[in-house]
Amino acid sequence: MIGALQLLLFLLLAASGMQVVRTREPAAQAVAVSFYGLVLALLFFLHQAPDVALSQIVVGAVALPLMILLALAKVRRAEQAREKEAGK
Amino acid sequence: MKSLRYALFAAGGLGLAAALLAAFLRLPPVGSYAGAYGEVLNAVAVGERHATDVVSAVNFDYRGLDTLGEEFILFTSVLAVAAILRKQEDEEEDEDEPKWQTRKAPDSDAVRVLGAALVPLMLSFGLYMVSHGAVSPGGGFQGGVVLASAPLMVYLCATADTFLRIAPPALTKAGEAIGAAGYVLIGCLGLLAGKQFLENVLPLGTPGHAWSSGTIFFLNLTVGLAVAAGFTELLSVFVEEVLRRET
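So the protein lines, in turn, are chains Z and C. So in numbering that gives the first Met the number 0, spot 72 of the first sequence is number 71, and the numbers just go up one at a time. So in numbering that gives the first Met the number 0, spot 188 of the second sequence is number 187, and the numbers just go up one at a time.
Don't read these hints as lab results, they were simulated from the structure. Errors might be hidden in some of the hints.
As the list claims (entries may be wrong) - Only pairs whose alpha carbons sit at most 25 Å apart, straight line, appear in this in silico SDA-like list of lysine to any residue: (1) Z:Lys73 to C:Val39; (2) C:Lys172 to Z:Leu65; (3) Z:Lys73 to C:Ala79; (4) Z:Lys73 to C:Ser76.
What the hints assert, rightly or not - Across the chosen pairs, the derived CB separations fall in these ranges: (5) Z:Glu84 to C:Tyr127: 32 to 42 Å; (6) C:Ala169 to Z:Leu10: 47 to 57 Å; (7) Z:Val30 to C:Tyr127: 27 to 37 Å; (8) Z:Ala27 to C:His208: 18 to 28 Å; (9) Z:Gln79 to C:Ala169: 36 to 46 Å; (10) Z:Leu12 to C:Gly30: 17 to 27 Å; (11) Z:Leu12 to C:Leu170: 16 to 26 Å.
Unchecked claim - Where chain C lies over chain Z, by a calculated footprint (3+ residues, C-beta under 8 Å): (12) 16 to 29; (13) 61 to 73.
The beta carbon of each residue, even a glycine, is placed where N, CA and C say it ideally should be.
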């Protein structure tokens, strides 16, 4: 039972990893990488590593996407400022 | 030309697949462990440190110095993000525009009620995780981030002003500094007692109780404070950045 679930999660992990690479829009990619992190955390949990799974949820599913979104917000703000400057 | 590239990829891909298959077939079964230290620690940790979560005993006692380094990695990262995202000289702010755009709270009652209901749940679960690090899975790091998600919920279901009122940047900065310094100070208790840095000098208590395992409990508290404050600090930098973009 657990073995089948592990196999299923491995396949889901591979599929979502592929999807992270195939997503081209950075903001959508942040959501995709968050889902990938969540699947990885479930996999850790099923391999009897609850401590690592909790850290993985935190870092992979929350902190990393947040960092990406932060960087995107900063970049877009700089772009808008430049456009505003050019429009004057 | 393109077909040549595909042929080259097919040859390489097949070779890689064959090598991976051969390697996977010889992997030891799930859960088998070849090291010696894990078995030793599993056998002695509860007796020596009265911590029923051996992972916490390793992180905050046997290899407590490593965790100090990891905590400062987080500390430095938060510092670096705040430094990179600070207002730069070429980004002039319009005087007549308000610094904070007052975004309205979400219109949906369901979002507001569910978000508000999640805040106390997040807080109590986070505090439970931080304080029971020595007893069950989790600990200061994981609990700290769960705690930090409570202000995030406030931001999602209320306004940015509310978020900044319950988590003012001055408070989160102070919390992060106190948490990071607290870890080092608890480590120095060992030196004061004439033992080694980070050595457990407090009474160990009963295994399985929240108040047990001596310094491990207090180290979890400091890490929880530092992590919760650090992540909230990141969130407020993020909120500030996004809102300034929207104005």
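Results of checking the hints against the structure:
Straight-line distance between C-alpha atoms of Z:Lys73 and C:Val39 comes to about 49 Å, which puts the hinted pair past the 25 Å bound. Restraint check for C:Lys172 and Z:Leu65: the C-alpha separation of about 19 Å stays at or below 25 Å, so the hint holds. With a C-alpha separation of about 14 Å, the suggested pair Z:Lys73 and C:Ala79 falls inside the 25 Å cut-off, and the hint holds. At roughly 17 Å between alpha-carbon atoms, Z:Lys73 and C:Ser76 fall within 25 Å of each other, so this suggested pair holds.
For Z:Glu84 and C:Tyr127, the Cβ-Cβ distance of about 51 Å falls outside the hinted range of 32 to 42 Å, so the restraint is violated. The given range of 47 to 57 Å is respected by C:Ala169 and Z:Leu10, whose C-beta atoms sit roughly 48 Å from each other. In this structure the supplied range 27 to 37 Å holds for Z:Val30 paired with C:Tyr127, their Cβ-Cβ distance being about 29 Å. Take Z:Ala27 and C:His208: their Cβ atoms lie about 47 Å apart, and the range 18 to 28 Å is violated.
At roughly 29 Å, the beta carbons of Z:Gln79 and C:Ala169 sit outside the given window of 36 to 46 Å. Range check, Z:Leu12 to C:Gly30: Cβ separation about 19 Å, and the 17 to 27 Å hint holds. Between Z:Leu12 and C:Leu170 the CB atoms are about 39 Å apart, so this pair departs from the stated range of 16 to 26 Å. Residues of the stretch 16 to 29 of chain Z with a Cβ under 8 Å from some Cβ of chain C number 0, which does not satisfy the need for three, so the listed coverage is violated.
A count of 8 residues in the stretch 61 to 73 of chain Z with a Cβ less than 8 Å from any Cβ of chain C is obtained; the coverage claim is therefore met, three being the minimum.
In terms of the numbered hints stated before, the structure departs from hints 1, 5, 8, 9, 11 and 12, listed from lowest to highest.
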